[in-house]
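Chain by chain, the residues run as shown.
Number of protein chains: 2
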Amino acid sequence: MLGRTYEGQNCSAARALELVGERWTLLILRDVLLRHLKTFGEFRASLGIARNVLSARLDHLVREGVLQRRPYGGHADHYEYLPTDKATDLLPVILALTAWGDRWAAPQGPPVLFRHGSCGAAVEQRVECAGCGELADLHQVVAVPGPGR
Amino acid sequence: MLGRTYEGQNCSAARALELVGERWTLLILRDVLLRHLKTFGEFRASLGIARNVLSARLDHLVREGVLQRRPYGGHADHYEYLPTDKATDLLPVILALTAWGDRWAAPQGPPVLFRHGSCGAAVEQRVECAGCGELADLHQVVAVPGPGR
Chain A
0 MLGRTYEGQN
10 CSAARALELV
20 GERWTLLILR
30 DVLLRHLKTF
40 GEFRASLGIA
50 RNVLSARLDH
60 LVREGVLQRR
70 PYGGHADHYE
80 YLPTDKATDL
90 LPVILALTAW
100 GDRWAAPQGP
110 PVLFRHGSCG
120 AAVEQRVECA
130 GCGELADLHQ
140 VVAVPGPGR
Chain B
0 MLGRTYEGQN
10 CSAARALELV
20 GERWTLLILR
30 DVLLRHLKTF
40 GEFRASLGIA
50 RNVLSARLDH
60 LVREGVLQRR
70 PYGGHADHYE
80 YLPTDKATDL
90 LPVILALTAW
100 GDRWAAPQGP
110 PVLFRHGSCG
120 AAVEQRVECA
130 GCGELADLHQ
140 VVAVPGPGR
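Note that the protein sequences, when read in sequence, are chains A and B.
Just so it is clear: in the first sequence, position 146 is 145 by numbering that gives the first Met the number 0, and no numbers are missing.
Just so it is clear: in the second sequence, position 81 is 80 by numbering that gives the first Met the number 0, and no numbers are missing.
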């Protein structure tokens, strides 16, 4: 649908944004992954967006294999949308955006906290060095060419 | 500039996307944080986008305190753009997008690898439970209401 939005960028972040960078897409995935919403009507109620926009976003995610669409409730035109592994793998992006928003744009405190379902303890996202453990200083991260350069 | 793009969403991920969700913005921040680009001309060369789009994105980031603009080279109209802590804090978002793109959209392998500058070892991003350590299964992450709900 979009072609290569970031033509000329040999960059995995740019490739990721080509698939999930459109307005509303990451919030749809938040709803799928964390609120366990499944149907067009549930997404509409949660997001309050126009039907044609929601429909285009869902179609795109299905086409890209991020969501799986399947009939439900015995109606030929009722579908539910389920996350694939490609969707679940986006959870770290949503956690990182949430942590940043909690710190910089949530004067009332975090609207949502993340917990480990089976033990109830806090879930945290860390940037770590395989050599020396947690990287407290993010300025210490450097990018070097990889095999796909 | 955008007002509240995601009006009605009491969600830190949505708040974050209001500041950095516009097309090109996260790639500008990638260039600032990881490629250490600083000037309008350097961003233009890296991204190949229209001057007016780049200018609008940079103005927005300066207004929001994500980038600091300051004169350089003794020219009244030459500026460089430097990351604030609010920018550096976005590195986990870029790392998470990159990891996802590496896995799902980089058939030639990762274009870029992240290393710890001082020791050279690989930098990794982990989702961990404060109770039991690494969370191998992201399906185990649940969202519960926080103080800002």
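Treat the hints with care, since some could be wrong.
[To be verified] Label-pair ranges, simulated between beta-carbon atoms:
#1 H138(A) - R125(B): 28 to 38 Å
#2 T83(A) - R50(B): 17 to 27 Å
#3 R50(A) - S117(B): 16 to 26 Å
#4 D58(A) - G72(B): 40 to 50 Å
#5 A120(A) - H77(B): 22 to 32 Å
#6 H74(B) - V61(A): 31 to 41 Å
#7 F39(A) - H138(B): 38 to 48 Å
#8 E41(A) - G64(B): 27 to 37 Å
#9 R50(B) - N9(A): 37 to 47 Å
[Stated by the list, open to error] Which chain B residues face chain A? A few, computed with CB under 10 Å, are given here:
#10 P70
#11 L90
#12 D101
By construction, these hints were calculated from the structure, which means they are not laboratory data.
For each residue, glycine too, the CB sits at the ideal point set by N, CA and C.
Verification of the hints:
1. Distance hint check: the CB atoms of H138(A) and R125(B) are about 19 Å apart, inconsistent with the given range 28 to 38 Å.
2. For T83(A) and R50(B), the Cβ-Cβ distance of about 40 Å falls outside the hinted range of 17 to 27 Å, so the restraint is violated.
3. At about 52 Å, the CB distance of R50(A) to S117(B) disagrees with the hint of 16 to 26 Å.
4. For the hinted restraint 40 to 50 Å between D58(A) and G72(B), the CB-CB distance of approximately 49 Å keeps it satisfied.
5. Between A120(A) and H77(B) the C-beta distance comes to about 51 Å, which lies outside the given range of 22 to 32 Å.
6. Take H74(B) and V61(A): their Cβ atoms lie about 51 Å apart, and the range 31 to 41 Å is violated.
7. The given range of 38 to 48 Å is broken by F39(A) and H138(B), whose C-beta atoms sit roughly 23 Å from each other.
8. Taking the beta carbon of each, E41(A) and G64(B) are about 36 Å apart, inside 27 to 37 Å as hinted.
9. Roughly 23 Å separates the CB atoms of R50(B) and N9(A), a value that falls outside the hinted 37 to 47 Å.
10. With a least beta-carbon distance of about 23 Å to chain A, the hint placing P70(B) at the interface is violated under the 10 Å criterion.
11. Given hint, L90(B) at the interface with chain A, holds; its Cβ is 5 Å from that chain's nearest Cβ, closer than 10 Å.
12. This hint holds: D101(B) has a C-beta 5 Å from the nearest C-beta of chain A, less than the 10 Å allowed.
Violated hints for the displayed structure, listed by number in ascending order: 1, 2, 3, 5, 6, 7, 9 and 10.
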